[in-house]
Amino acid sequence: MRITQGTFSFLPDFTDEEIKAQIQYCLDRDWPIAIEYTDDPHPRNVYWDMFGMPLFDIRDPAAIMQTLTECKATFPNHYIRISGYDRSLGRATTALQFIVNRPANEPGFHVERQEMSDRRIRYTIRSYAADKPSGQRYE
Amino acid sequence: MAETGNESNEQVNLDQAWSDSQIQTLLDKLDEELVGLVPVKTRIREIAAMLLVARLREQHHMATDRPTLHMSFTGRPGTGKTTVAMRMAKILHSLGYVRKGHLVVASRDDLVGQYVGHTAPKTKEMLKKAMGGVLFIDEAYYLYRPENERDYGQEAIEMLLMAMENQRDDMVVILAGYKDRMDTFFQSNPGFHSRIAHHVDFPDYSLDELVQIADLMVRQQMYSFDADSRVAFREYLELRLQQPHFANARSVRNAIDRIKLRQANRLVQAGGSIVASELARIDVEDVRASRVFRGGISAEHIA
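Residue numbers (the working numbering), protein chains in the order written: chain A, 1 to 139; chain B, 1 to 303.
The set of hints was computed from the structure by calculation and includes no laboratory data.
Be aware that a few hints might be false.
Subject to a maximum C-alpha distance of 25 Å in a straight line, what follows is the list of computed SDA-like cross-link-like pairs (lysine to any residue) [to be verified]: (1) 100/B - 17/A; (2) 100/B - 24/A; (3) 72/A - 159/B; (4) 124/B - 168/B; (5) 132/A - 40/A; (6) 72/A - 133/A; (7) 100/B - 19/B; (8) 29/B - 203/B; (9) 179/B - 206/B; (10) 100/B - 95/A; (11) 124/B - 65/A; (12) 20/A - 124/B; (13) 122/B - 30/A.
So that you can see chain A by itself, here it is in the shape it has in the complex (with noise of 0.2 Å):
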């Protein structure tokens, strides 16, 4: 199941000269990039692990390409995602995010409906890669 989410979530994935020129958009508006990385895919998990500090002072996107290159040898099979933060006053969040890098494989979720009194039922969702410990989920 192939996951979505982020800014451009309904498009395919994009090139590499894609990525670029979404890059450039984020540094034409001053919005610092950070390269973070998961082998968790949970929707819920929000907080991914960030790949070094955060891309700050950089002026040319060939700059974070090259970090993005060494972030997908180190992991070539987590998710990869790229975010910019637009810290102006009144704004302070993440204005744009998208995933750059997926696992050849993601076997997708399971559901699991708990029985509850009164024939109510609770929905989990459950990631079938979560159950590997981290770091071997995706090998």
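Chain A is fixed; fit chain B onto it per the hints.
What follows is chain B alone, placed relative to chain A:
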């Protein structure tokens, strides 16, 4: 411009290309802002011409390697190396050789770390910041310390060399420093020497040029010399040139700063009411009060 492609008898309008690239505006500005430095300006003009022709050749599908653009600026302190580097970044940008045209100034402290494993990330970060622009490494010879074989500078040098080779499209590196020390540096790091295409030497300013610079600075700061104080300042420079630690334009700027201080002091001490133009006028006494006229600074602290 090159829609028709390969025909070698096609007309190329060089005047048009030259004015389109706006180099002339940049060079004119350089002429205006920097007094003297004729060999440097000629060199910059030559480099600009070469880059323009390379660009045109590329547009007409003639095989052109991307020219190596890394440079080394050598000269005594205060001869305008940083200023020219900034202008160079603009020129390279207007010709499309760097994408952004900003200048990142780095010194040994920005590149070399304090402990094992600290240097690589530091250097890498500076290189990333400089991408799309020009990395200006001031006093580059401090990177290499032969007396300490475990110095981390070597690591930074290796990374720089690699970046100069592999990321030629992304950035241009300019090394700067004193001539003799740069020569030693290049001798001990032949890799640098061969990767740098343009060695530009900045000559010292002559006395006349220094006076011109002073005039320009004073005018920019909305002050003015009167006839006497200009003569006095010329004498000041003549004496100052004989004394140690003379740093060309930078010393001129420092001298003017001190003159401004003395001028303000004089005005406040005199008190009373004056015409507004007196606030801009530099009196001969403000210049003459310098200790350079009283045997100099060699014994006292460095100006």
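Query raised in the report: Can you give the numbers of the hints that this structure goes against, from lowest to highest?
Result: none
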